[in-house]
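Asker: Throw the hints in and build the complete structure from the sequences for me.
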Amino acid sequence: MTVKLWRFEVSSKPGFQDVHGRAVLADIHECGVSSVQEVMTAKVYLIEADFDEDFARRVGEELLCDPVCQEFVIGRGPIPAGPLPPVILEVHLKSGVTDPVAESVCLALRDMGVQTIAHVRTARKYILLGSLTDEDRDLIIRRVLANDCIEEVIMGADAEPPSPHTRPYEFKLIELPIRDLDDDGLLMLSRQRDLFLNLKEMQTIQDYYRRIGREPTDVELETIAQTWSEHCVHKTLRSSVEFEHDGQLFHFNNLLKETVFKATEELDKPWCISVFSDNAGVIEFDEDSAVCFKVETHNHPSALDPYGGAATGIGGVIRDSMGTGLGARPIANTDIFCFGVPAIPHEKVPKGVLHPRRILKGVVAGVRDYGNRMGIPTVNGAVYFDHRYIANPLVFCGNVGLIPRDKCFKNPQTGQLILVVGGRTGRDGIHGATFSSGQMTHKHEEIFSHAVQIGNAITEKKMLDTLLQARDAGLYEAITDCGAGGLSSAVGEMGASLGAEVDLEKVPLKYSGLSYTEIWISEAQERMVIAVKPENLEAIMKIFAAEDVEATAIGRFTDDKKLTLRYNGIQVGRLEMDFLHEGICKYSRKAVWQTSPAAQVSFPPKDSYNDDLLALLSSYNIASKEWIIRQYDHEVQGGSVGKPLMGAANDGPSDAAVIQPKFNSNRGLVIGCGMNPCYGDLDPYRMALSSIDEAVRNLICTGARWDRIALLDNFCWGDCSRPQTFGSLVRAAQGCYDGAMIFDAPFISGKDSLNNEFVCEDGQYIIIPPTLLISAIGIVEDIHKCITMDLKEPGNLLFIVGLTRNEMGGSHLSRLYGQTGGTVPILNGPAAAETARRLSDAIAEGLVRSCHDCSEGGVAVALAEMAFAGGLGLEVDLQGLPVSDDCLSTEQHLFSESNSRYLVEVSPDTYHAFATRMLDLPFGQIGEVIEQPRLRIRDCRHRLAVDIDLDTLKAAWRKPLAFS
Amino acid sequence: MTNVRAIILRAAGINCDLETQYALELAGAEAQRIHINQVIKKPSLLEDYQLLVLPGGFSYGDDVAAGKILANQILHHLRDAITAFIESGKLILGICNGFQVLIKTGLLPGFSGGRQTSFTLTDNDSGRFEDRWVYLQPGTERCVFLEPGRRIYLPIAHGEGKLAAKDEDSLNKVRQEGYVAFRYVDAHGNPGPFPINPNGSMDSIAALTDSTGRILGLMPHPERFVRWTQHPHWTRLKRTDGRTDGMMIFDNAVRYIREHF
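For the record, the sequence lines run as chains A and B. Position one of the first sequence corresponds to residue 353 (the working numbering), numbered consecutively onward. Position one of the second sequence corresponds to residue 569 (the working numbering), numbered consecutively onward.
Bear in mind the hints are in silico, worked out from the structure with no lab data behind them. It cannot be assumed that every hint is accurate.
One-sided excerpt, in silico: chain B residues whose CB lies under 10 Å from chain A [said to hold, decoys possible]: (1) Ala580; (2) Tyr628; (3) Lys636; (4) His645; (5) Lys672; (6) Ser686; (7) Ser694; (8) Asp699; (9) Ala725; (10) Lys734.
Cβ pair distances, simulated, as ranges [said to hold, decoys possible]: (11) B:Met770 / A:Ser954: 55 to 65 Å; (12) B:Tyr721 / A:Glu413: 38 to 48 Å; (13) B:Tyr721 / A:Leu1240: 46 to 56 Å.
Some chain B residues judged to face chain A by a derived CB distance under 10 Å, without partners named [as the list claims (entries may be wrong)]: (14) Ile582; (15) Cys584; (16) Glu587; (17) Thr588; (18) Ala591; (19) Gly625; (20) Ala633; (21) Thr685; (22) Thr690; (23) Arg696; (24) His726; (25) Val794; (26) Trp796; (27) Arg804.
For each residue, glycine too, the CB sits at the ideal point set by N, CA and C.
Answerer: Okay, structure coming up:
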C-alpha cells in the first residue's frame, strides 16, 4: 500500500463548550479587539501513512476524536454559514520544532497496527467570527494565537501547510581567521557570529591562536564564547572591583568570593556537603539523605515566549537537581516572578514587548504544564509587580532534590564513555547562553527567535525515571545537565581536568540539516550527559531501552587535557581545556555608591485607616495569588504538610512551604523566600538584609529550626558596566555577607542575571529595579510541630515580637501614595537573630498556636491576613505595640515595614511560658482573638483606626488577581 | 491470610506511583510499580496480582486527550489479560489519570464491551488545571472501595476532570443503576456549583464504578490523604487520630481481597 496524506479536523460537538476557543476569545478581547464575536477551534492532524479510507475513519473514531464531546472530519471542515464573516487561520509548528503530540500519535498508530508512518504533524485551526480589519487580525495572530519564534500561521480555508521537511546537511569545515584582524575586525567578528564577546576577550582569543599558530574553526569560537558568557562564568560578579562608597575606596579581588562565598567559608557548617561547586548546593537532611536546592532565572526567553521560556526554565532547574552529585530526585519546585503592572493599557506597552498580563498568564501556564507533568509539587513562590519589569520580566524557577548521602559527588575518569541521554538535538536554543547575557531591544524578538528553547516534560520525566534506576544500580560515574551551552558546556565542564573527545555525527538529531557546530552548541532541552565505564554500557542501555529512553555514546574522556571534536572522523575542533576554562581575561570594574539622605515622607492625617488597609490588600503585590497557586499541583508526591494556602477555608497565605520528603520519617523541609525590590531603589544594602530577614522569618513562622537554615541568592540587575548600577549590586552583596553572618545561615548556591534592560524604539531605556531574591531552606525535626498563620481560637492572645520603627521607605503604603522617600528598614542583627532563635524554640515547644510574618503592608496587613485566614476576628489595641522613639504616628504603627517582627497567637494557658521565653525582647500583647468576624484596631490614643468585617477584607485581597 | 498483591502500572508521564505504593503498603498490601512495556511483553504478569492500580499523572503528556494514548495501548495489547483479570473477581482502581484511562478504554462504566462510547472526562469548565480539596458523597452501595454513607474529603488536581455523558439515557443509567461511586458535594452533603463541583461534571459525578462494583475510577487522589498532616487545615483540626479518608479506599480494597482470595 502506498503512503497517503490524511487530514483530520477535530472540534467540539454542539452542546460541549470549546474551552480553548473561549480562552482565545477572552484573550482577544483583553487585547482591545472587540470586533471578534466568536472563536471556533479545531485540532488538525496531518498523517502521512499507509492506510485506507476505512482505517482512516477508525483512526478518527478510536484515537483522535472523543466520541462524547467531539466530532471530526477527514479533510477540511465546513466554513460556518451565518451573518458573521469568518477569518480562517491555522497555526503550524515551524519545520524542525518538536511536536510531542505527533510523537504520541505515531506511537498510538503503531499500537493500532499501522506499519508505515512517514510523518505526523499537528496544528491548531481557528475560525474567528466578526468583521475584523486586517490590522486586528494581525494583532490577534501576533499577540494571542501564535508565537512567531516557533510557529507559522497560514491563512484562508485552502492554504497549504508548510513543508515539514528540512534540508540535509553538507559537511564543510569553516575556519574564521582571527590572527590578522584589527580591533574593529575583532568586534565585527564577535557581532556577526553573535558571540557577545568584548574586545578584550576577542584579543585574548586572538593571542591564543597566534600562539598556537593557526586560525580557529567556527565551533571552537562558539565553544569559547559559550564558556566565557556571562551566563556561564558570571564574570561580572567574579571580577575585581574598585568600589567607591560615599567617597571611600574599597577593593575586592573577586566580589563574590569576598562577600557571599566568604560568609559560607567563615560559617563553615559541617552540614554543608557541597556548596557553590555543583549544579545545586547540597546540605545534610538526615543520616542517609541530603537535599540540594537551586534557583535559576529564565528571564530573556520568558520575555519573548512566556509559555516556552518559563516551561524550559523550570525544566532546566529540575535538570540542575538531576545533575547534582550523581543525581537527585526532584521533590519540590519554587517559582518567583516579577512582571509589569497588569492594568497597563495596550497602547502604553513598548514596541517589541508583550503585555504584562499575557506574560503573566503564559509564564504561569508554562510553569504549570511543565511542573505538573513532571510530577513535582510547586510549593512556594511570590509575585512582584513594578512597571519597570514590563520589558524584562523576571522568572525565577527553583528546585529542591533529595539525594542519598553517598551519591553526592561525581567521579568522571579517563576512559569512561560520554553518553547523551534523553531528548534529541535540534536547532532550538542556539545561542541561548550568549543571548541571555546581552541587553534586549525591540528587535530582539525577530533576531533571536532561534534562541528560544522548546520543552517536553514527558521526555524529561521518562529520562528521570530511568536515570534514578541507573544511579541506584551504580551504573554511571558522573552526570550533568545540558543547560545553557548545550553539549559544549556539559562535556567541557565534566572533562575540564581530563580531556574529552566527541564524535558529533553520533548525536541523535530531531531532523537532518544541523551542522557540526549547531549540534555542539544547541540548547535543545531534556538532555543529560553521563560518564559510563565501558563495562557498564550494556547494563545501562538496557535500563534506558526498557522505558523508551534514548541514550547514545558520543565520545569518551581522555587524559590529554584537550577538547577534541570530530565529525565523521574529521577533526573540527581542538582546544586546550586550560585555555577554555582558565583563559578568560580578568576584569577590573568600577563601582560607585553614594548614599543619599532619606527624603521626608508624609501621609495625610486620617480618622480611619479602613480605606488604606483595603487598598493595600488590593495592591497587586499583596493580593492573593490563589489564581496562580491552584493551577500548580502542590500535593503530588504526597509530601505536602504546609501548603501555600491554608486556614479555615484553605485560602490563607502561608509564610513558607513544609514538605515531608521521606514517607517514613517525620523530619520536614521548610522552604521560603524573601524579596524587596521596592527597597532596592533607596538602599540595596538594607534591601539585601531585609530580604534575608524576610526569608528567615518565613521559615521560623512555620516552625523551622533556627540553626539549620541555608540561603540562595539570585541577583537580577541592569547593565553593571555602569558604575552606579554595579555599585548597588556591590552594596547588596555586602548585605548578603552581613545577613548570612547575622543569622548563622550560609549561602549554598546562587546565580545572577545581569543586563536586564530594554532599549525602546525611541532609544529610551527601561531598567529593572535592583532585584535580589533570597531563597531559604530549613529543617523541622517533627512536622507535627509545624504551625500555620491562621488564627485558631477565640480567647487566645495576640502578641507582636519585634520593634516597630518609623521605616516607611519603600513600603507599600509609600507606594500607594506615590511617596519615594523615607527610611528603608534596618536590620538590628543581634536582636533579629535572637528573636528568630527564641520564637523557633517556643514553636518547637508547642507554645504558639499561629504565627505570621510582618512584611509587605506592615502590622495591619498581617493582622488582616491572620484573621480572615482563620475566619476569626481580632480586637487589637496598638498601645501594646513596642515602638522606637521616633515612631509616633498611627500610619507608622499600622504600615511601617520594620524587619524582624512576628505576630504570634498564644493560648492563655501557655501565656506565662511564652512570655518567659520572650523576656528582654521587644514584645507586647496587642490583641485578642474574638468570635465576631471583624478586625478592629485601636490606635495608641485608643481611637478606632480600623474597623472592617472579614468578608470585606478577604474580598479586597482576593479580587485583583482572580483572572477568569 | 492472603498476601494482597497490587500492581501499579507505570508509563511515560505517570507520576503518582510512589505515593500510591506507599498508601497501599500502609494498607498492608505488597505493591509493585511495573512499567507498561514490561506488561505488554508479558501480559501474564497480571495474574500474580489481585489489584491493578492505574495511578495519577500525565500519561504520554495528555496528548490527544487525557489518558487516551495509554488507553489505546491497553486496548490493543492487554485487552484479553485485563478481561481475564476482571472476570476472576479481582479489583481495578484508577486514580485521576487512571480514571481517565478507565473511561477511555470503556472499562468504566463498562456498558459497551471495551470501547469508549457514552462517557468521557474532558476539560474542566474553568479551562484550567486546578488543585483543591473537595467533599465526596458516595452514590452507590455496590462499590467495594467505599463505605456507603461515609462522606469523605480529598484533593483533586486535574485539568480534564469534567465527566460528561453522551446523552440523557446514559446519564440516567449510571444514576439509576448504581454506577455513581462519588459525587462532589459541600461539607453538608449538598451538590452545588463551582467550586463545590470543581470541574462542571454532569450531575456532580466524581467517580464511577462498573456493574460488579470491583472497578473504581475517581478524579480525586486518595493517596494524597493517608496522613493527617496532608489535610489542608490539619493545624486547626481537633482530632487527628482516626483513619484518614484516603486510607479508607485502600483499606477497603485490601480487606476485600483478603476476604475473597
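Asker: Would you mind marking each hint as holding or not holding in the structure?
Answerer: We went through each hint and held it up to the structure:
Given hint, alanine 580 of chain B at the interface with chain A, holds; its Cβ is 5 Å from that chain's nearest Cβ, closer than 10 Å. Taking 10 Å as the C-beta cut-off, the interface hint given for tyrosine 628 of chain B holds, the closest approach to chain A being about 5 Å. Taken as an interface hint, lysine 636 of chain B checks out: its beta carbon lies about 7 Å from the nearest beta carbon of chain A, inside 10 Å. Checking histidine 645 of chain B against chain A: minimum C-beta separation of about 7 Å stays under 10 Å; hint holds.
For lysine 672 of chain B, the interface hint holds, the least distance from its beta-carbon to any beta-carbon of chain A being 8 Å, beneath 10 Å. Among the interface hints, the one on serine 686 of chain B holds; its C-beta lies about 7 Å from the nearest C-beta in chain A, closer than the 10 Å criterion. Given the 10 Å rule on beta carbons, the hint for serine 694 of chain B holds: about 9 Å separates it from the nearest Cβ of chain A. For aspartate 699 of chain B, the interface hint holds, the least distance from its beta-carbon to any beta-carbon of chain A being 5 Å, beneath 10 Å.
Checking alanine 725 of chain B against chain A by beta carbon gives a least distance of about 4 Å; that is within 10 Å, so the hint holds. The closest approach between the C-beta of lysine 734 of chain B and any C-beta of chain A is roughly 5 Å, which is under the 10 Å cut-off, so the hint is satisfied. A hinted range of 55 to 65 Å for the beta carbons of methionine 770 of chain B and serine 954 of chain A is consistent with their spacing of about 60 Å. In this structure, tyrosine 721 of chain B and glutamate 413 of chain A meet the distance hint of 38 to 48 Å, their C-beta atoms being roughly 39 Å apart.
A hinted range of 46 to 56 Å holds for the C-beta pair tyrosine 721 of chain B and leucine 1240 of chain A, which are about 49 Å apart. Hint status for isoleucine 582 of chain B: holds, given a least beta-carbon distance of 8 Å to chain A, under 10 Å. Annotation: cysteine 584 of chain B was flagged as interfacial toward chain A, and the flag holds, the nearest CB pair being 6 Å apart, inside 10 Å. The beta carbon of glutamate 587 of chain B is positioned within 10 Å of a beta carbon in chain A (closest approach about 3 Å), and the interface hint is therefore held.
For threonine 588 of chain B, the interface hint holds, the least distance from its beta-carbon to any beta-carbon of chain A being 8 Å, beneath 10 Å. Hint status for alanine 591 of chain B relative to chain A: holds, with the closest Cβ pair at about 8 Å, below 10 Å. At a threshold of 10 Å, the smallest CB-CB gap from glycine 625 of chain B to chain A is about 6 Å, leaving the interface hint in force. With its C-beta approaching chain A no nearer than about 6 Å, alanine 633 of chain B sits inside the 10 Å limit, and its interface hint holds.
Here the hint on threonine 685 of chain B is kept, as its CB sits about 6 Å from the closest CB of chain A, short of 10 Å. Checking threonine 690 of chain B against chain A: minimum C-beta separation of about 5 Å stays under 10 Å; hint holds. At a threshold of 10 Å, the smallest CB-CB gap from arginine 696 of chain B to chain A is about 6 Å, leaving the interface hint in force. Evaluation of the histidine 726 of chain B hint against chain A yields a held restraint, the C-beta minimum of about 9 Å falling below 10 Å.
Below 10 Å, beta-carbon pairs count as interface contacts, and valine 794 of chain B has one with chain A at about 7 Å; its hint therefore holds. For tryptophan 796 of chain B, the interface hint holds, since its Cβ comes within 10 Å of a Cβ in chain A; the closest pair sits about 9 Å apart. Here the hint on arginine 804 of chain B is kept, as its CB sits about 6 Å from the closest CB of chain A, short of 10 Å.
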